[in-house]
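S.K.: Chain by chain, the residues:
Protein chains: 2
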Amino acid sequence: MTGPVVSLIALDDLPLVEAGDDLAAMLIAAVRRKNIAPVDHDILVVAQKIVSKAEGRMVRLADVKPSPRAAAIADEIGKDSRLVELVLSEGTEIVRRAPNLLIVEHRSGFVMANAGIDQSNVGGDGEHALLLPRDADASAAALKAALDREFGVDLGVLINDSFGRPWRKGVVGVAIGAAGVPSLVSLVGKPDLMGRKLRVTEVAFADELAAAASLIMGQGDEGRPAVYIRGVGYDGPPMPACAIARPKETDLFR
Amino acid sequence: MTGPVVSLIALDDLPLVEAGDDLAAMLIAAVRRKNIAPVDHDILVVAQKIVSKAEGRMVRLADVKPSPRAAAIADEIGKDSRLVELVLSEGTEIVRRAPNLLIVEHRSGFVMANAGIDQSNVGGDGEHALLLPRDADASAAALKAALDREFGVDLGVLINDSFGRPWRKGVVGVAIGAAGVPSLVSLVGKPDLMGRKLRVTEVAFADELAAAASLIMGQGDEGRPAVYIRGVGYDGPPMPACAIARPKETDLFR
Chain A
1243 MTGPVVSLIA LDDLPLVEAG DDLAAMLIAA VRRKNIAPVD HDILVVAQKI
1293 VSKAEGRMVR LADVKPSPRA AAIADEIGKD SRLVELVLSE GTEIVRRAPN
1343 LLIVEHRSGF VMANAGIDQS NVGGDGEHAL LLPRDADASA AALKAALDRE
1393 FGVDLGVLIN DSFGRPWRKG VVGVAIGAAG VPSLVSLVGK PDLMGRKLRV
1443 TEVAFADELA AAASLIMGQG DEGRPAVYIR GVGYDGPPMP ACAIARPKET
1493 DLFR
Chain B
1243 MTGPVVSLIA LDDLPLVEAG DDLAAMLIAA VRRKNIAPVD HDILVVAQKI
1293 VSKAEGRMVR LADVKPSPRA AAIADEIGKD SRLVELVLSE GTEIVRRAPN
1343 LLIVEHRSGF VMANAGIDQS NVGGDGEHAL LLPRDADASA AALKAALDRE
1393 FGVDLGVLIN DSFGRPWRKG VVGVAIGAAG VPSLVSLVGK PDLMGRKLRV
1443 TEVAFADELA AAASLIMGQG DEGRPAVYIR GVGYDGPPMP ACAIARPKET
1493 DLFR
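Chains A and B are the protein sequences, given in the same order. If you read the first sequence in our numbering, its first letter stands for residue 1243, the second for the next number, and so on. If you read the second sequence in our numbering, its first letter stands for residue 1243, the second for the next number, and so on.
A couple of the hints might just be wrong.
Pairs count within a copy or across copies, as identical chains cannot be separated in the list.
In the DMTMM-like style, the derived pairs of lysine to aspartate or glutamate whose C-alpha atoms are separated by at most 25 angstroms in a straight line are [unchecked claim]:
#1 Lys1490 with Asp1282
#2 Lys1321 with Asp1493
#3 Lys1411 with Glu1260
#4 Lys1321 with Glu1444
#5 Lys1490 with Asp1322
#6 Lys1490 with Asp1255
#7 Lys1276 with Glu1335
#8 Lys1276 with Asp1255
#9 Lys1321 with Glu1491
Derived by calculation from the structure, the hints in this document are not laboratory data.
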């Protein structure tokens, strides 16, 4: 899948992003400040938070009017009814509910806690919530188009977030948007070292890239909302991140 | 959590590993061949397969005598009864069964398909199976001790494998063994950029490292069974990979 050396470079001097900002231009400037000369198949991983902020996905909780259903669920699980309203409006189905936790299938098809709605890094008063991008694959494609045009190359662009998961503690970076990269890489029929046909069918390449980038993005007061990756070889047709979402009917844990 | 540049270097010229090999010595030689001079907190990620092979965890299926229970389950799900016997003997509990699939809790506490037993890259005849290391955290600790002694530094050592997961298609690299690194990094109470207390409690740092290494290990005929990582800063007390296993009673998806 790759050459033997991969570099991850944090774009650590991005200004704070606000609604309406031209995020592509900010990322291009940050790449230039690092003296990076992009080449084909370099990959830029961008944190969901700054994409959402640029796209104006911040919501004032005071503007949210909870439905009776949201109020009932909020009461049951001990959560702000306005947040529950937002989660329900972003999701298509509740997968599990537990005290202070609502796991839903998001419109994108991904299953996640609280529809990915974030109350950290979104203002100090706790009275705002940041929704995921409306269509993170489309956001990634738009960023890719702008960067490709600027640098005259064929880049991969990912948007990542940190998700919890069943069975294992802790959150890990996953891809919620992708452009230019094969989000899933099929190994079906590829021979292994011994010539035996491999049984593993596919690798979630975009998720592994997202996790790698998360390693240096930090989660707290270290603001490194984008990571530039060079040296991970890939081929195969580009595939959006939503291809990773497992359809409910083939999922044993829904 | 880190400085701004991370390098991943594939140790791509390791000889094929066989039972009884001194894996630590082979890894040390491979690090030297890359002209790497280890420094504190560099991290070596080693593929489960070569650890298992060195530890003699290859089993001849002809030597496996399926129990009546294994035979019954094999019949139900359409799998080789000797493989099912191995899966049951490595696992403590069946989490789900489906055609050709047996998801169990492994002795380590991790939930995984087929108890992590691998039939690829383990000989061309399909008549062998490779079990996970007996205690992957202990294997990682032993490798760390040998490498630390040789190079006079404090390294992190991880053993990774590729696992499927609920909700998302494709496999991703995860840590099944760890030494010297905090497998989980707590962010509880750390302020975010806006001074608001972060709600995310912990990051599965070892899993993100494992996924990053998987990116360049390859799965098929590219033999790169170890990856050297430099530049990912970390602190906090070392914690074995088994700390990532979520106890059944706190898991909503068991």
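S.K.: Taking 25 angstroms as the upper bound on the Cα-Cα distance, should Lys1411 and Glu1260 be classified as within, between, both, or neither?
M.R.: Intra 32 angstroms, inter 33 angstroms, cutoff 25 angstroms: neither.
S.K.: For Lys1490 vs Asp1255, is the C-alpha pair at or below 25 angstroms within one copy, between two copies, both, or neither?
M.R.: Intra 40 angstroms, inter 42 angstroms, cutoff 25 angstroms: neither.
S.K.: State whether the alpha carbon distance between Lys1276 and Asp1255 is at most 25 angstroms within one copy, between copies, both, or neither.
M.R.: Within one copy only: 9 angstroms inside, 32 angstroms across.
S.K.: First find the shortest C-alpha distance between Lys1321 and Asp1493 inside one copy, then the shortest across copies, and answer within, between, both or neither for a cut-off of 25 angstroms.
M.R.: The answer is between: 20 angstroms across copies meets 25 angstroms, while 28 angstroms in one copy does not.
S.K.: Pop the pair Lys1276 and Glu1335 into one bin, within, between, both or neither, using alpha-carbon distances up to 25 angstroms.
M.R.: Classified as neither; 43 angstroms inside a copy, 51 angstroms across copies.
S.K.: If the cutoff is 25 angstroms on CA atoms, where do Lys1321 and Glu1491 land: within, between, both or neither? Let me know, please.
M.R.: Classified as between; 22 angstroms across copies, 30 angstroms inside a copy.
S.K.: How would you label the pair Lys1321, Glu1444 (within, between, both, or neither) given a Cα cut-off of 25 angstroms?
M.R.: between (38 angstroms within a copy, 21 angstroms between copies)
S.K.: Is it within, between, both, or neither for Lys1490 and Asp1282, if the alpha carbons may be no more than 25 angstroms apart?
M.R.: neither (36 angstroms within a copy, 45 angstroms between copies)
S.K.: Given identical chains, is Lys1490 near Asp1322, meaning Cα to Cα at most 25 angstroms, within a copy, between copies, both, or neither?
M.R.: neither (28 angstroms within a copy, 28 angstroms between copies)
Consistency note: the structure conflicts with the earlier hints numbered 1, 3, 5, 6 and 7.
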